[in-house]
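Enquirer: Sequence:
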Amino acid sequence: MYFCGMTQQALTEQIKARNSYLCIGLDTDLTKIPAHLLQEPDPMFAFNKAIIDATHDCCVSYKINTAFYEALGAKGWETLEKTVRYIPEGIFTIADAKRGDIGNTSAQYAIAFFETLPFDSVTIAPYMGEDSIKPFLSYPGKWAIVLGLTSNKGAADFELQEMAGIPEKLYERVLRTVADWGNTGNTMFVVGATQADEFIRVRQIIPDHFLLVPGVGAQGGSLKEISEKAMNRQVGLLVNVSRAVIYASGGTDFADQARKAAKEYQQEMKIYLDKYQ
Numbered sequence: 722m723y724f725c726g727m728t729q730q731a732l733t734e735q736i737k738a739r740n741s742y743l744c745i746g747l748d749t750d751l752t753k754i755p756a757h758l759l760q761e762p763d764p765m766f767a768f769n770k771a772i773i774d775a776t777h778d779c780c781v782s783y784k785i786n787t788a789f790y791e792a793l794g795a796k797g798w799e800t801l802e803k804t805v806r807y808i809p810e811g812i813f814t815i816a817d818a819k820r821g822d823i824g825n826t827s828a829q830y831a832i833a834f835f836e837t838l839p840f841d842s843v844t845i846a847p848y849m850g851e852d853s854i855k856p857f858l859s860y861p862g863k864w865a866i867v868l869g870l871t872s873n874k875g876a877a878d879f880e881l882q883e884m885a886g887i888p889e890k891l892y893e894r895v896l897r898t899v900a901d902w903g904n905t906g907n908t909m910f911v912v913g914a915t916q917a918d919e920f921i922r923v924r925q926i927i928p929d930h931f932l933l934v935p936g937v938g939a940q941g942g943s944l945k946e947i948s949e950k951a952m953n954r955q956v957g958l959l960v961n962v963s964r965a966v967i968y969a970s971g972g973t974d975f976a977d978q979a980r981k982a983a984k985e986y987q988q989e990m991k992i993y994l995d996k997y998q
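Letter by letter, the sequence shown follows residues 722 to 998 in our numbering.
Simulated from the structure, these hints should not be mistaken for lab results. Check before you lean on any hint, since a few could be wrong.
[To be verified] Here are the simulated lysine-lysine pairs, PhoX-like style, with alpha carbons at most 20 angstroms apart: (1) Lys984 / Lys996; (2) Lys796 / Lys753; (3) Lys753 / Lys981; (4) Lys855 / Lys803; (5) Lys945 / Lys890; (6) Lys796 / Lys770; (7) Lys819 / Lys874; (8) Lys996 / Lys753; (9) Lys753 / Lys737; (10) Lys996 / Lys981; (11) Lys874 / Lys890; (12) Lys770 / Lys984; (13) Lys737 / Lys945; (14) Lys950 / Lys981; (15) Lys890 / Lys737; (16) Lys770 / Lys981; (17) Lys819 / Lys753; (18) Lys981 / Lys945; (19) Lys770 / Lys737; (20) Lys996 / Lys737; (21) Lys950 / Lys737; (22) Lys950 / Lys996; (23) Lys855 / Lys819.
Construct the entire structure; sequences and hints are all you get.
Expert: Structure representation (structure tokens):
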């Protein structure tokens with residue numbers, strides 16, 4: 722079954738209607754969810770359902786990190802599918818799968834996430850080049866979210882390295898090159914919140930693309946700094962927060978506390994939207 726995606730205009734409209742560019746990461750770890758949920762037939766789905774019910778009006782996107790589900794085998798994959806299908810219509814969905822392989826393999830990954838499952842987007846590692854990304858760009862309304870400059874320590878190993886004989890870092894070459902393969906309506910880039918000093922340079926290279934920004938919350942990235950340096954005319958930001966929202970409490974009030982945390986991010990985002998839009 723084929724599912725419609727979300728256009729850039731529709732995503733921007735959702736952001737402005739909700740006064741939020743918050744993406745909540747459903748990186749659900751069975752060892753971290755409240756103990757009382759372990760009696761449920763599907764504890765992870767019970768947790769995700771409660772989080773979605775409590776927060777869906779505070780955010781515009783949910784990002785499902787597939788690793789936490791794949792680790793559990795067939796049962797985990799079933800939970801992933803139930804979760805993405807439970808997310809309300811009009812909320813942008815991200816399969817954080819970091820796929821990227823030769824063309825015919827990527828085509829199968831695209832079918833998996835865009836046809837078999839109703840995701841709006843997939844995160845992709847660009848190391849194998851154009852043919853590994855192109856299959857994801859052939860679906861109207863669907864998005865390739867390409868790793869650009871990540872928030873982890875290992876970003877320094879390759880992404881921040883200077884190109885030989887060229888005054889350009891590797892991540893800059895990735896942004897510039899991949900932007901030409903797609904367009905602002907089907908390609909986003911991951912740029913980590915902990916790389917705030919690079920945001921001005923990022924916007925010089927890709928002024929009109931959306932950015933998925935992880936690293937706020939538990940990793941210490943500054944929402945204020947990101948918003949000041951990276952917001953564009955279409956807002957152009959999805960700021961992901963995972964642990965600081967979904968694990969705001971480990972007790973029976975976990976959903977209420979998740980909502981409280983998400984609401985605080987939404988209220989701060991409204992300030993920046995009013996200021997920079």
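Enquirer: Does each hint fit the structure? Answer for all of them.
Expert: A quick look at each hint next to the structure:
1. A hinted pair counts as satisfied when its Cα atoms are at most 20 angstroms apart, and Lys984 with Lys996 qualifies at roughly 19 angstroms.
2. Simply put, Lys796 and Lys753 have alpha-carbon atoms about 18 angstroms apart, close enough for the 20 angstroms limit, and the pair holds.
3. For the given pair, Lys753 sits about 19 angstroms from Lys981 by alpha-carbon distance, which is consistent with the 20 angstroms threshold.
4. Taking the CA atoms of Lys855 and Lys803, the gap is about 28 angstroms. The hint is violated against a cut of 20 angstroms.
5. Taking the CA atoms of Lys945 and Lys890, the gap is about 25 angstroms. The hint is violated against a cut of 20 angstroms.
6. Simply put, Lys796 and Lys770 have alpha-carbon atoms about 16 angstroms apart, close enough for the 20 angstroms limit, and the pair holds.
7. Between the alpha carbons of Lys819 and Lys874 the distance comes to roughly 17 angstroms, so the proposed pair stays at or under 20 angstroms and holds.
8. At roughly 37 angstroms between alpha-carbon atoms, Lys996 and Lys753 are farther apart than 20 angstroms, so this suggested pair is violated.
9. Between Lys753 and Lys737 the alpha-carbon distance is near 33 angstroms, which puts this suggested pair outside the 20 angstroms criterion.
10. Distance hint between Lys996 and Lys981 is unfulfilled; the C-alpha atoms sit about 23 angstroms from each other, more than 20 angstroms.
11. Taken as a hint, the Lys874 and Lys890 pair is honoured in the structure, with Cα atoms around 16 angstroms apart against an allowance of 20 angstroms.
12. Proximity of Lys770 to Lys984 is assessed by CA-CA distance (about 18 angstroms); at most 20 angstroms being required, the pair is judged to hold.
13. Only pairs whose Cα atoms come within 20 angstroms are accepted, and Lys737 paired with Lys945 is accepted, the gap being roughly 18 angstroms.
14. With a C-alpha separation of about 26 angstroms, the suggested pairing of Lys950 with Lys981 is violated against the 20 angstroms cut-off.
15. Under the criterion of a C-alpha separation no larger than 20 angstroms, the hint pairing Lys890 with Lys737 is inconsistent with the structure, at around 34 angstroms.
16. Taken as a hint, the Lys770 and Lys981 pair is honoured in the structure, with Cα atoms around 16 angstroms apart against an allowance of 20 angstroms.
17. For the suggested pair Lys819 and Lys753, the alpha carbons sit about 23 angstroms apart, so the restraint of at most 20 angstroms is broken.
18. With a C-alpha separation of about 19 angstroms, the suggested pairing of Lys981 with Lys945 holds against the 20 angstroms cut-off.
19. Distance hint between Lys770 and Lys737 is unfulfilled; the C-alpha atoms sit about 25 angstroms from each other, more than 20 angstroms.
20. Pair hint Lys996 plus Lys737 holds up; C-alpha atoms about 13 angstroms apart against a cutoff of 20 angstroms.
21. Pair hint Lys950 plus Lys737 holds up; C-alpha atoms about 19 angstroms apart against a cutoff of 20 angstroms.
22. Using a Cα cut-off of 20 angstroms, the hinted pair Lys950 and Lys996 holds, with the two alpha carbons roughly 13 angstroms apart.
23. The suggested pairing of Lys855 with Lys819 holds, with an alpha-carbon distance near 15 angstroms, which does not exceed 20 angstroms.
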